[in-house]
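Model the full assembly from the supplied sequences, consistent with the hints where possible.
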Amino acid sequence: MSRPERLTEWLLGGVTALVLFALYAPALVVALFSVFEVRQQKVDFSSFSLAWYGRLIHNADILAALRNSLAVAAAAVALSLVLGLVIAFYANDPRNRGRRFLELLVYLPFLLPPIITGLSLVIFFREVGVDRSLVTVTIGHVAFLLALTYRLLMTRLRVLSPSMVEASYDLGANGWQTFRHVLFPHMRSALVAAGLLACTLSLDETLITFFLFSNDMTLPIRLWAMMRVGFTPEINALVTLILGVTFFLALLVSRRIALRGGN
Amino acid sequence: MIRPRAHLLAHSAAAFAFPLLFVLAPLLAFLAYSFWRVENNQLIPDFTLANYLEFFRNDIYPRVFVGTLKLATQVMAIGLLLGFPVAYFIWRRRGRWRYALLLVSVVPLFMSYIIKLYAMRSILGLNGFLNKALVALGLLDAPSLAFLYNQRAVLITMAVVYLPFAILPVFLSLERIPLGLIQASADLGARPGQSFRHVVLPLSLPGTIVGGLFVFILAMGDFVTPQMVGGTVGFTYGRVIQSQFGMGFNWPLGSALAVILLIVVLAVIGLAAAIGRRSRV
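Residue numbers (my numbering), protein chains in the order written: chain A, 1 to 263; chain B, 1001 to 1281.
To be clear, the hints were calculated from the coordinates, so they are not data collected in a lab. Note that beta-carbon positions come from the ideal geometry of N, C-alpha and C, so glycine has one too.
Taking CB as the label site, the calculated pair distances span:
1. PRO185/A / LEU1126/B: 55 to 61 angstroms
2. SER161/A / ARG1278/B: 32 to 38 angstroms
3. ALA78/A / LEU1009/B: 20 to 26 angstroms
4. VAL229/A / LEU1140/B: 27 to 33 angstroms
5. ILE1263/B / ARG3/A: 49 to 55 angstroms
6. PHE1249/B / VAL229/A: 21 to 27 angstroms
7. ALA64/A / ASP1046/B: 37 to 43 angstroms
8. SER163/A / ALA1010/B: 22 to 28 angstroms
9. VAL192/A / PHE1056/B: 50 to 56 angstroms
From chain B, some residues computed to sit far from chain A (all C-beta separations above 12 angstroms):
10. LEU1049
11. PHE1055
12. VAL1064
13. ASN1150
14. GLN1151
15. SER1173
16. LEU1179
17. HIS1198
18. ARG1277
Below is the structure:
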């Protein structure tokens, strides 16, 4: 490498280090606050304690919100995977009509600003007389997650040769058996990756949920409400836990995707 | 394969039901609402352009809109100016480092949005880490209030929150460049800078466009970031729309304001697609 090249390389590395530091700074700050005491806005490094983590278990509001979020995520992930699969099968068959239109509808909530997806759904639910609840929140999440699960499942479905399915039928398998023994094993890892990705996004969704919740808050909405009226230090503990869990989930997803890319 | 008609019908119904019911119908309802009006806190179905005229009559709306357009453009510029070098640096690594760095730059996409805002608020505050660092470095004499509860705070926070959305698409399009092309360019006597300008940069354009679009659209519609770190002066268009659905209770006006946002976003997507197509030739 010549000198200017090496200089460029160092510069790029420097920018990368700075950017990564900026991206992780928020998480670091919260993690610090969760185990050290902050006196007069100064972190007291001698005061390590996990007390706030213990208090967390007794905060009924947060626990209820966590339960709501998990329920919504479970339902939204399951629904968006099943629908993603159904739509991918439909769009993958060139004989079917309206495939491009269907694809456009599926991608729209992902392309448009979330505020538009959120407010159009709340208007729709008002017009058809459905009250806001965790059910409407779940529908909002599915509308947004579907683009992602569909995309990942479709990518995987495209690389399956149609002759595999034909062979299965020729050998006398019916539709269900073909799905069970040919399609499903082929799609399994894509389903897991899409499910994990959808799960982390659902747990974090704020901007669409904001329009669709009523009394039962999801975790991000509860946190937002708590932060607006000032906060209790348990938030730091909770947030560190969530960051840990999402980091772990992200690690799982990317390992899967990286492994597949490596083959 | 012979398909029974009933089977096909069931599959079509299953595939179309959700997108038609929960994507198309809500968007149509939202468009319709923008022509309705409100009287004595009642929504009245109508076909009036009053909500759209209100946008131009009251000069606060165009002002906030242009301000938000500027803000989103700045966030996009920061995202690409910083995101591109990062993606490029990662792409140039080989082996383990490459995927480790990629992972590290993608994970922030999944870190809780609301929590990032909360953390950024404490970083940017009077006694926050930013002020401490600037004072320690001698760049400031005393901690400054300039970083929180204003437009600058919204800009910095959005840049941090949305930057990962720019890194990933750029990296993915860099990865699609065949290494042979760069080799060939070097063999033909191009210096590294020339190869970069004439081979790498044009071929990475699709990812750069997608990354820029993502950042721009997300920044354009965000209403939580400005509320958390923008204070009373950090008003953005998303916040204006959202307030019509909250205390303002003027859903038709909110819808019309959102339709204007939608049109601009679609125009920007169309423009980006046109640039992408032209550059491919």
